[in-house]
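Visitor: What follows is the residue order along each chain.
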Amino acid sequence: GADGFKITSSDKKHQVRIRGAVQTDARFWLNDNTSRSIDKFEVKQARIWLEGYFFKDIYFKIMPDFAASSNILPDAYLDYAYHPAASLLVGKFKPSISLERLQGDSDGTFLERGFPTYLASNRDVGIQLHGAFSKPGYKAETVAGPIDTKNTFTYQIGVSNGSGDDGSPNNNSPDTDNNKEVVGRLFAHPFHHTGYSWLEGLGLGVAGSVGNPDKQGLKAQATPIGRTTYLDYTKLNTGFAAPTSDGATYRIYPQAYWFSGPFGAIGEYVISSQHLVSGRTDVKQDNKAWQILASYVVTGEDNSFAGVKPIQNFDPLKGKWGALQLAARYSELDVDDATFRIVDPNLSASKAKAWTLGANWYLNSNAIIRADYENVSFDGGAARGRDMPNESIFATRFQLSF
Amino acid sequence: GADGFKITSSDKKHQVRIRGAVQTDARFWLNDNTSRSIDKFEVKQARIWLEGYFFKDIYFKIMPDFAASSNILPDAYLDYAYHPAASLLVGKFKPSISLERLQGDSDGTFLERGFPTYLASNRDVGIQLHGAFSKPGYKAETVAGPIDTKNTFTYQIGVSNGSGDDGSPNNNSPDTDNNKEVVGRLFAHPFHHTGYSWLEGLGLGVAGSVGNPDKQGLKAQATPIGRTTYLDYTKLNTGFAAPTSDGATYRIYPQAYWFSGPFGAIGEYVISSQHLVSGRTDVKQDNKAWQILASYVVTGEDNSFAGVKPIQNFDPLKGKWGALQLAARYSELDVDDATFRIVDPNLSASKAKAWTLGANWYLNSNAIIRADYENVSFDGGAARGRDMPNESIFATRFQLSF
Amino acid sequence: GADGFKITSSDKKHQVRIRGAVQTDARFWLNDNTSRSIDKFEVKQARIWLEGYFFKDIYFKIMPDFAASSNILPDAYLDYAYHPAASLLVGKFKPSISLERLQGDSDGTFLERGFPTYLASNRDVGIQLHGAFSKPGYKAETVAGPIDTKNTFTYQIGVSNGSGDDGSPNNNSPDTDNNKEVVGRLFAHPFHHTGYSWLEGLGLGVAGSVGNPDKQGLKAQATPIGRTTYLDYTKLNTGFAAPTSDGATYRIYPQAYWFSGPFGAIGEYVISSQHLVSGRTDVKQDNKAWQILASYVVTGEDNSFAGVKPIQNFDPLKGKWGALQLAARYSELDVDDATFRIVDPNLSASKAKAWTLGANWYLNSNAIIRADYENVSFDGGAARGRDMPNESIFATRFQLSF
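Protein sequence lines, in the order shown, are assigned to chains A, B and C. Take the first sequence: its position 278, counting from 1, is numbered 278 in this note's numbering, and each next residue is one higher. Take the second sequence: its position 174, counting from 1, is numbered 174 in this note's numbering, and each next residue is one higher. Take the third sequence: its position 314, counting from 1, is numbered 314 in this note's numbering, and each next residue is one higher.
What the hints contain is simulated information worked out from the structure, not anything from laboratory work. Take the hints with a grain of salt, since some may be wrong.
As the list claims (entries may be wrong) - Result set (BS3-like, lysine-lysine): computed pairs, CA atoms no more than 25 Å apart in a straight line:
#1 C:K12 - C:K150
#2 C:K6 - B:K12
#3 A:K6 - C:K6
#4 A:K139 - C:K318
#5 A:K12 - C:K309
#6 A:K235 - A:K353
#7 C:K6 - A:K13
#8 C:K320 - A:K12
#9 B:K320 - C:K12
#10 B:K6 - C:K6
#11 A:K309 - B:K56
Said to hold, decoys possible - Quick partial rundown of chain A residues pointing at chain B, CB under 7 Å, derived from the structure:
#12 F5
#13 T8
#14 V43
#15 D334
#16 N366
#17 F398
As the structure is a prediction and not an experimental result, all values here were calculated from the model. Yeah, the Cβ is synthetic: ideal placement off N, Cα and C, and Gly gets one too.
From just these sequences and the hints, can you work out the full model?
Guide: Next comes the structure, spelled out in structure tokens:
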């Protein structure tokens, strides 16, 4: 059906679900006098995948992405969900740090996530213990995979290779150093089953990681929707070699969402600390980012962390138009000034601030047409102390997922 | 069943079809004294894909090709077919230019398409409006995707990145310049529903494109079945840098097919014009190609643009042998002489002429064994004004598709 | 069901089976003072594939591996199994040489195969005639694909591109030379249908290949579980260019297995001969390897070449624990001393000897948790005639396959 195509064994103990997702985008830069960016059509995502379970509690997901230029295998994991309070997840999955990263890749409010997401790993390979508890008197629900939005209280604690800020290992994901990263997250829906219906959809949590990478490569930081680099670890002050992340790292991610009727909001703050080492220079870099986004479904449907289900599916000849969600976001990322002892401040910005407006037209529960406008301004990043020029982008997406 | 494996929702509104195709080839060069080419076995195509529809009129196709060395995602599109007269196709698909390119990748008469196909893009990312009309008194049929062979009159008009002659963007297909390409096509079956049954299968059309690429890379031109380069934009006259396609381009493709009983024919002509720019040298290059192919099903089945369905499936112990189709093709490509102001005429030919003989043995509607012989001769391309040596190739294919 | 998800046409003539496999590993080196190797989590295998048949006897398999860094298409073949005595297999598949290589990729006794496997090609593209015969009075069973463990006597004879020791061509697998390799194998279960039940599971055979490659590249040889290079054809004696395999090659693989109740054993010997040519130096290199492995299912299930099916599936709250198999292996590879006329003996070992202990915990017929310990010692490979330091590795695997 519309919620996917499933094959279930006659004894109901085994199930495989055949899933797919396509995202076809168009991106146009406004006032792009410097021609930094190329207006383009692109296939952002083209996935065919299997998920399901064997013997009821061994869940799996194998998800390639054929539109990816490097990470062609975003997810490949097993989750032994023997008991709601303790499940064992192994393989490649989203590390349990950024709330917005953990949101489904077809479910976001905007075409791309905000700044906080890019100060943690995108995907990583490792092992995680996770579980959920319910309010006394209620039964916790088993939820497989890295994100649980259903239970009163959830925890995740794991060990993984550590793939760096915005890192996403390709293929079989060999690590580059012996040191591993520890990741943990606590998240609660404190008003579950309390009867305060307008607060049932409030979720609060905090996540973090500690690691100690050995000469790990650094990925450039880019703007959310334009994916334009504004912090480039290869453009350096005279006399410096390309820095690596070498030494103790930690991240702290307080995070929250609130969904109530047609209204929704997500907020997240992050501090991500690492040591940039270039030759004998060792700089402690504490990058910070935060965002707040709000959305409203004008056609009256319920808002949720997993998107909107229209009351009436699109069928204009019958006067049915689907659901319309409007959204706004403010997000910023502050690069530690110490960075610019190594990185050239004339070519990388020390701060990026983005505000974004979006409209999501849900034709039905599978098809969405999205349009976003984003404006990003920068501190520094141009010659003689001037600022990088603002980025203004208009982007659309046609999306089908099942 | 033999026409594919489908899962349909109980309300018939949603369907996914699980499809696959394998092509395993052998290619042997005859009289290849210069050892230009390597005799080989190869897997030409290995595809697993999903296609289907949601809410009846939102069609989709997600098709990776695991045998491809670069373009691992040939097709990824959505097609909102709300009305036969106006459907909206978005994503990555075959641009509506070359008739033979639009033929199904498992349905060709020979192992590889003729010369005209290689003077347009193979795949591109963009958006297309298309539709179909029927003879008055008949109802047009909704056909999703880039090719419609069923209706009396069809049109396609689209905008896409533009990927150059024989271009095929990989993965998420970033464009390299801001300028887009406009592509259009008109195609008619003028004798549909006329009662002249021997003319019902006649189709006539014309397609074209206009663009204005900015320093777009150029792909070498190669022979149809051998895929041997005879026009190499990296082997240049002394003092020239590698040229790009830079400036106004256009293509015109008059095209026709005719299928009547066991007989079939396809013909196509093309002029593809672009500017080769190398430093200060700007050359207007008008390349031309054409082909005519004819085929005949000796076992009595109907010929068609989508292949042959045997009356009796192969089962030799029961004296059943499947269907046999014989075919011949003449095809040539004329490189504009102006090209050789930049490109070295001792290493690239100014004209290639190929004649091809083929036999297709349809074991059943899924399995085909093909054998082709092709001879290509060239004008120029060797030292001191001599011609490149002829290419003679014998090739076979075992193919399964569903 | 647990044995896979199948869609069969109503007339039973066509079937497609949707299959998947995930292997998530952890590898830790013990006493790795030199930090040659990186402790890591990794996704070793992530496959989604289709196999099945059309018109009853045309079998196919299309199997990509999304965790592979280079060979993303391990198998893509058609097998026309018209009669048990003569089937025609075309495409990309495991060449019929090493017995352990032919074992299913999810069915091995240890995480990785022993040394003999790496002296033949991993995968190759070509064509193979194969068939099976039964003891007089019994009917041979049709078995599609490259491995047949069911019939009394089987043969395989094929021609393929030849991809070198441990070679595995990527994508559409173009060959690099005109010369092809001939591969043959004979294998018998002499006690099938004899009533000596403890000998029914004994299989004996011999396989071999002959070829004559022209300047084919050489792949490094690596330890079984650690995949650490100990023979590196790029680290050479002064004055030598990188050698290629150039001239007559042959391989001989006597092989056997025996499964009887809970006990299992596999043994294999190989001599693989080729010419290393570097400039004017032409060295005939005869590498040799062998292994013997034994396993025992302590929980009482039957052992087999295709793994173990637990009597009771894992369900600890009900006191059910699955099946446990213990195993040991000794394996060695002897590099021909002539190699070191070209290759630097201070950086490559002349012999590697590995002993391995393993435990396989079958939770059910789909999920296995494996743990292996392996110790590899070397002759030579360090400066001044000393030996490379031993490799000690502990590795685990969580595996699901269906």
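Visitor: Now look at each hint and say whether the structure bears it out.
Guide: Hints versus structure:
For the suggested pair K12 (chain C) and K150 (chain C), the alpha carbons sit about 23 Å apart, so the restraint of at most 25 Å is met. Only pairs whose Cα atoms come within 25 Å are accepted, and K6 (chain C) paired with K12 (chain B) is accepted, the gap being roughly 21 Å. Between K6 (chain A) and K6 (chain C) the CA atoms are separated by roughly 12 Å; this keeps the pair inside 25 Å, and the hint holds. Between K139 (chain A) and K318 (chain C) the CA atoms are separated by roughly 21 Å; this keeps the pair inside 25 Å, and the hint holds.
Between K12 (chain A) and K309 (chain C) the alpha-carbon distance is near 20 Å, which keeps this suggested pair within the 25 Å criterion. A threshold of 25 Å between alpha carbons decides the hint, and for K235 (chain A) with K353 (chain A) the separation of about 21 Å falls inside it, so the pair holds. A C-alpha spacing of about 15 Å is found between K6 (chain C) and K13 (chain A), which places the hinted pair at or below 25 Å, so the restraint holds. A threshold of 25 Å between alpha carbons decides the hint, and for K320 (chain C) with K12 (chain A) the separation of about 20 Å falls inside it, so the pair holds.
Pair hint K320 (chain B) plus K12 (chain C) holds up; C-alpha atoms about 20 Å apart against a cutoff of 25 Å. Under the criterion of a C-alpha separation no larger than 25 Å, the hint pairing K6 (chain B) with K6 (chain C) is consistent with the structure, at around 12 Å. As the CA atoms of K309 (chain A) and K56 (chain B) are separated by approximately 18 Å, the hinted pair is consistent with the 25 Å bound. Hint status for F5 (chain A): holds, given a least beta-carbon distance of 4 Å to chain B, under 7 Å.
The restraint placing T8 (chain A) at the interface with chain B is violated, with a minimum CB-CB distance near 12 Å, outside the 7 Å limit. At its closest, the beta carbon of V43 (chain A) sits 5 Å from a beta carbon of chain B; the interface hint therefore holds under the 7 Å criterion. Checking D334 (chain A) against chain B: minimum C-beta separation of about 29 Å lies over 7 Å; hint violated. Taking 7 Å as the C-beta cut-off, the interface hint given for N366 (chain A) holds, the closest approach to chain B being about 5 Å.
Checking F398 (chain A) against chain B by beta carbon gives a least distance of about 5 Å; that is within 7 Å, so the hint holds.
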